[in-house]
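A.B. asks: Sequence:
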Amino acid sequence: MKLNPSPFEMIKSGEKTIELRLNDEKRRRIKIGDEIEFENTDDSTKVINAKVLALHRFCSFEELYYSLPLLKCGYTADDVCYAHSSDMELYYSAEQQKKCGVVGIEIEIINTNRQ
Numbered sequence: 002m003k004l005n006p007s008p009f010e011m012i013k014s015g016e017k018t019i020e021l022r023l024n025d026e027k028r029r030r031i032k033i034g035d036e037i038e039f040e041n042t043d044d045s046t047k048v049i050n051a052k053v054l055a056l057h058r059f060c061s062f063e064e065l066y067y068s069l070p071l072l073k074c075g076y077t078a079d080d081v082c083y084a085h086s087s088d089m090e091l092y093y094s095a096e097q098q099k100k101c102g103v104v105g106i107e108i109e110i111i112n113t114n115r116q
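For the sequence shown, this note's numbering gives the first residue as 2, with consecutive numbering after it.
Read the hints as simulated data drawn from the structure, not as lab findings. As the structure is a computational prediction, the values presented were derived from the model and not from experiment. Hints may contain errors.
Claimed, not checked - Taking lysine to any residue and the SDA-like style, the derived pairs with C-alpha atoms no more than 20 Å apart in a straight line are: (1) K32 to Y67; (2) K99 to D25; (3) K13 to N41; (4) K32 to E63; (5) K32 to D44; (6) K99 to T77; (7) K13 to K73; (8) K27 to Y67; (9) K73 to K99; (10) K99 to E63; (11) K73 to L54; (12) K13 to F59; (13) K13 to R30.
Claimed, not checked - Here are the simulated distance ranges between beta carbons: (14) Y83 to N50: 25 to 35 Å; (15) K3 to N112: 17 to 27 Å; (16) T46 to Y67: 34 to 44 Å; (17) N112 to C60: 30 to 40 Å; (18) R29 to D79: 28 to 38 Å; (19) V81 to E26: 26 to 36 Å; (20) K99 to T46: 14 to 24 Å; (21) T113 to C60: 26 to 36 Å; (22) S14 to E36: 18 to 28 Å.
Note that beta-carbon positions come from the ideal geometry of N, C-alpha and C, so glycine has one too.
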């Protein structure tokens, strides 16, 4: 999965442990215990390999935002008070969410080197 530099660095540092995605066909194939490779969109040589610990599925990001700890989803102590589920509409429309649902992929880092 490709990640913009900021969320990539937050995962790398261990600050972000839940990646938020549309629960599309590709994400529905993910199982607990699977490994995911995250690639930095600015530098494809920077990768993080992570193990899936849990899958948190919801009908919408609104439901997800009420249920999951947003500090683990990429918000910081400085900006979490401004967090709103509509933030995710930059990436996924309300129509896409309604069609597919959404998922919070809880992970732990295995390593940060390309294998």
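A.B. asks: A separate judgement is required for each hint: does it hold in the structure or not?
C.D. replies: Verification of the hints:
This hinted pair does not check out: K32 and Y67 have alpha carbons roughly 23 Å apart, beyond 20 Å. A C-alpha spacing of about 11 Å is found between K99 and D25, which places the hinted pair at or below 20 Å, so the restraint holds. Between K13 and N41 the CA atoms are separated by roughly 11 Å; this keeps the pair inside 20 Å, and the hint holds. A hinted pair counts as satisfied when its Cα atoms are at most 20 Å apart, and K32 with E63 does not qualify at roughly 23 Å.
Restraint check for K32 and D44: not satisfied, since their Cα atoms lie roughly 27 Å apart, outside the 20 Å limit. Restraint check for K99 and T77: the C-alpha separation of about 27 Å exceeds 20 Å, so the hint is violated. Simply put, K13 and K73 have alpha-carbon atoms about 13 Å apart, close enough for the 20 Å limit, and the pair holds. Restraint check for K27 and Y67: the C-alpha separation of about 25 Å exceeds 20 Å, so the hint is violated.
For the hint linking K73 to K99, the alpha-carbon distance of about 24 Å lies beyond 20 Å, and the restraint is violated. Distance hint between K99 and E63 is fulfilled; the C-alpha atoms sit about 11 Å from each other, no more than 20 Å. Under the criterion of a C-alpha separation no larger than 20 Å, the hint pairing K73 with L54 is consistent with the structure, at around 13 Å. The hinted pair formed by K13 and F59 fails the criterion: a straight-line CA distance of about 25 Å is larger than 20 Å.
Restraint check: the Cα-Cα separation between K13 and R30 comes to about 24 Å, which exceeds 20 Å; the hinted pair is violated. As the Cβ distance of Y83 to N50 is approximately 31 Å, the hint placing it in 25 to 35 Å holds. Evaluation of the 17 to 27 Å hint for K3 and N112 yields a pass: the beta carbon distance comes to about 18 Å. For T46 paired with Y67, a C-beta distance near 38 Å keeps the hint of 34 to 44 Å intact.
With their beta carbons about 34 Å apart, N112 and C60 fall inside the hinted range of 30 to 40 Å. The supplied range of 28 to 38 Å is met by R29 and D79, whose beta-carbon atoms lie about 34 Å from each other. The hinted window of 26 to 36 Å between V81 and E26 holds, with their beta carbons roughly 31 Å apart. The given range of 14 to 24 Å is broken by K99 and T46, whose C-beta atoms sit roughly 37 Å from each other.
Look at T113 against C60: about 33 Å separates their beta carbons, and that is inside 26 to 36 Å. Separation of S14 from E36 is about 20 Å and conforms to the stated range, judged on CB atoms against 18 to 28 Å.
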